[in-house]
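Going line by line, the protein sequences match chains A and B. Counted the way my numbering counts, the first sequence spans residues 1 to 113. Counted the way my numbering counts, the second sequence spans residues 1001 to 1111.
Hints are computed from structural coordinates only; laboratory data are not their basis. All C-beta atoms in this analysis are idealised placements derived from N, C-alpha and C, irrespective of residue type, glycine included. Don't take each hint at face value.
Said to hold, decoys possible - Some chain B residues near chain A, calculated using beta-carbon distances under 10 Å: (1) 1032; (2) 1036; (3) 1046; (4) 1051; (5) 1053; (6) 1089; (7) 1098; (8) 1100.
To be verified - Taking CB as the label site, the calculated pair distances span: (9) 74(A) <-> 1009(B): 16 to 24 Å; (10) 83(A) <-> 1016(B): 41 to 49 Å; (11) 1054(B) <-> 76(A): 35 to 43 Å.
Read off the chains here:
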Amino acid sequence: GAGVSQSPSNKVTEKGKDVELRCDPISGHTALYWYRQSLGQGLEFLIYFQGNSAPDKSGLPSDRFSAERTGGSVSTLTIQRTQQEDSAVYLCASSLGVGETQYFGPGTRLLVL
Amino acid sequence: GENVEQHPSTLSVQEGDSAVIKCTYSDSASNYFPWYKQELGKRPQLIIDIRSNVGEKKDQRIAVTLNKTAKHFSLHITETQPEDSAVYFCAALSGYSTLTFGKGTMLLVSP
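From just these sequences and the hints, can you work out the full model?
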């Protein structure tokens, strides 16, 4: 079946602009995660959705970052007033449930000029 | 929260040699430990995982060992091949929530 998909694959924006990144999880997966990977670095947890529960936002680096998950499926990560340090690859993952294997999407490469 | 340390950061081996990557974790409640392989420009792909109720798991040339007492786990790749070259990440799941990842090991297998 289809894996996790993300769009856009690449995004170039100017400092101060807002950006929206989209994630389509694997059908039937109740858990969805966003991570950030800076060049040559590991994966930094941002936010986690599980079913209809309130999301775990503990990894969001500032209040410029927010995320929604509509209808328990598609998720959008929004970065407001982008800064150059926001440049990174944003990865989405989904899993059947908590503690299950996470499957990653291809990522969105964000470059803030 | 959980903290995962991964060593070495880079590892160079000759084709056919074995490679070992080690990780330690801090939260004794962690119960799931996956390993991901990430090729350049690609998404992380799960290659093997282990849960805290077993000490070792093998899948062809890849094996993972877990020592819960010492809070460390290791990835073993035997008979390495050039296509094994990639960045490998370990991770630990605690609190029934999110994975904490190590910083990665860049493995280079030379022909």
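Exercise. Minimum Cβ distance from residue 1053(B) to chain A below 10 Å?
Worked result: violated, 13 Å
Exercise. Is the interface hint for residue 1089(B) satisfied, with its Cβ closer than 10 Å to some Cβ of chain A?
Worked result: holds, 6 Å
For this session: Evaluate the given range 41 to 49 Å for the C-beta pair formed by residue 83(A) and residue 1016(B).
Result: Between residue 83(A) and residue 1016(B), where Cβ atoms are some 47 Å apart, the hint holds.
Exercise. Regarding the hint that residue 1100(B) lies at the interface with chain A, is the smallest CB-CB distance below 10 Å?
Worked result: Interface hint status for residue 1100(B): holds (7 Å vs cutoff 10 Å).
Exercise. Are residue 1032(B) and chain A close enough, Cβ to Cβ, to be under 10 Å, as the hint says?
Worked result: holds, 6 Å
Exercise. Close enough to count: is the Cβ of residue 1098(B) nearer than 10 Å to one in chain A?
Worked result: With a closest approach of 5 Å, the residue 1098(B) hint holds.
For this session: For the hint on residue 1036(B), just tell me whether its beta-carbon gets within less than 10 Å of chain A.
Result: Interface hint status for residue 1036(B): holds (8 Å vs cutoff 10 Å).
Exercise. Once the shortest beta carbon distance from residue 1051(B) to chain A is found, is it less than 10 Å?
Worked result: holds, 9 Å
For this session: Check the following: the C-beta atoms of residue 1054(B) and residue 76(A) are separated by a distance inside 35 to 43 Å.
Result: holds, 38 Å
Problem set entry | residue 1046(B) as an interface hint toward chain A, with CB separation required under 10 Å | For residue 1046(B), the interface hint holds, since the closest Cβ of chain A sits about 6 Å away, which is under 10 Å.
Exercise. Residue 74(A) and residue 1009(B), beta-carbon distance inside 16 to 24 Å?
Worked result: Taking Cβ atoms as reference, residue 74(A) and residue 1009(B) lie about 36 Å apart, which means the hint is violated.
This entry does not satisfy hints 5 and 9, going by the numbered hints stated previously.
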